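Each protein sequence line maps, in turn, to chains A and B.
Residue numbering for the first sequence follows our numbering, starting at 4 and increasing by one per position.
Residue numbering for the second sequence follows our numbering, starting at 2 and increasing by one per position.
None of these hints come from the bench; they were simulated from the model.
Be careful, since some hints might not be right.
Think about it this way: if two alpha-carbon atoms lie no more than 20 Å apart in a straight line, the pair counts; the simulated DMTMM-like pairs of lysine to aspartate or glutamate are [to be verified]:
(1) A:Lys63 <-> A:Glu141
(2) B:Lys111 <-> A:Glu141
(3) A:Lys63 <-> A:Glu5
(4) B:Lys111 <-> A:Glu5
Remember, predicted model here, so these are calculated numbers, not experimental data.
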Amino acid sequence: MEDQIVRITSRLVTPFIQVYGIYVILHGHLSPGGGFSGGAIFGASLVLVALSFNLEAGVKQISHQTASILESGGALGYLLTGMAAIIIGGNYLANRSAGFPLGQAGELFSGGAILIITVFVGIKVASTIVTLFYNIIEGEE
Amino acid sequence: MIYILVIFIVIVTLFLRFIIGVDPKTLFTFYLLGLIIFLFSFTVAEMPPFGNPDNPTFNEVPRRYLESGVAETGAVNIVSSVIIDYRAFDTLGEATVLFVAIAAVVATLKSH
Numbered sequence: 004m005e006d007q008i009v010r011i012t013s014r015l016v017t018p019f020i021q022v023y024g025i026y027v028i029l030h031g032h033l034s035p036g037g038g039f040s041g042g043a044i045f046g047a048s049l050v051l052v053a054l055s056f057n058l059e060a061g062v063k064q065i066s067h068q069t070a071s072i073l074e075s076g077g078a079l080g081y082l083l084t085g086m087a088a089i090i091i092g093g094n095y096l097a098n099r100s101a102g103f104p105l106g107q108a109g110e111l112f113s114g115g116a117i118l119i120i121t122v123f124v125g126i127k128v129a130s131t132i133v134t135l136f137y138n139i140i141e142g143e144e
Numbered sequence: 002m003i004y005i006l007v008i009f010i011v012i013v014t015l016f017l018r019f020i021i022g023v024d025p026k027t028l029f030t031f032y033l034l035g036l037i038i039f040l041f042s043f044t045v046a047e048m049p050p051f052g053n054p055d056n057p058t059f060n061e062v063p064r065r066y067l068e069s070g071v072a073e074t075g076a077v078n079i080v081s082s083v084i085i086d087y088r089a090f091d092t093l094g095e096a097t098v099l100f101v102a103i104a105a106v107v108a109t110l111k112s113h
C-alpha cells in the first residue's frame, strides 16, 4: 500500500513510541508498566513501520537473525540473572538476600535485580512480537 | 411470577421455531448459553464487594507486601516487586510460555 499520509505520520510517530517503550521498560519498578507492557509498546512501533511501509523496510530495521538472537538472549539473560544470585550467595532469583545493591528507593537505578530482569523481559517481549508478526505475514507466500 | 416466565419462554420458543424457522440445534445452543449466563450471574452476586477490608483476600500476605515491600526489594512499584522479586519464578515460567509459543509459531509458519 502506497499512502503518503500514513508513511509520513508513522515516520514522525515511531521515534516517540520507541522512546516511550524504553521509558516504560526502564521505569518498571517506579511507575505502572514493566517489561511486558514496555516490550509490547516497542514491538508495536516496529510492527507499525512494517505495516506502513512494506515488509522489506521492517526487516531492514531488525532482521530475523537479530530478532531470534534477542529473543533467546532475553530468556537466557533472565536465567543467568537467577544463576548469578546463586553464585553471589543466595537462592535462585533472590534479590536482597543474594546481595544485589538495592540503592535509594524511588531513584532510577534501584531495586537490584528487578531492573536487570525487567530489561531482559522487555527485550524478549519486543522481539517476540516482531518475530510473530514477520512469520505470520511471510507464511502466506 | 415463575409461571409467567415459563409461558413467556415457551411462546418465544414456538415463535422462533415455527414462525421465523430457527434450527433446533441453534435454539438448543441459545438456551444452553442462557442457562450458563443465568448460573454464572448467581456466582458473581455471591462475590465479596470490591475493596472491602473484611474480604478473605486481605490477609497477612498483601499486608506484608504493602508494609515491607519497599524495604525488602527497593522498588516503589509494589506490582513490579511482587512479579519480579517475590514471584520471580512464576514470571520465569511466563517468559518460558512466551518462548515456547514463539518457537511453535516459527516451526509451523516458517516459509521454506
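We went through each hint and held it up to the structure:
no. : hint                  : result
1   : A:Lys63 <-> A:Glu141  : 15 Å, holds
2   : B:Lys111 <-> A:Glu141 : 8 Å, holds
3   : A:Lys63 <-> A:Glu5    : 18 Å, holds
4   : B:Lys111 <-> A:Glu5   : 27 Å, violated
Checked against the numbered hints given earlier, this structure breaks only hint 4.
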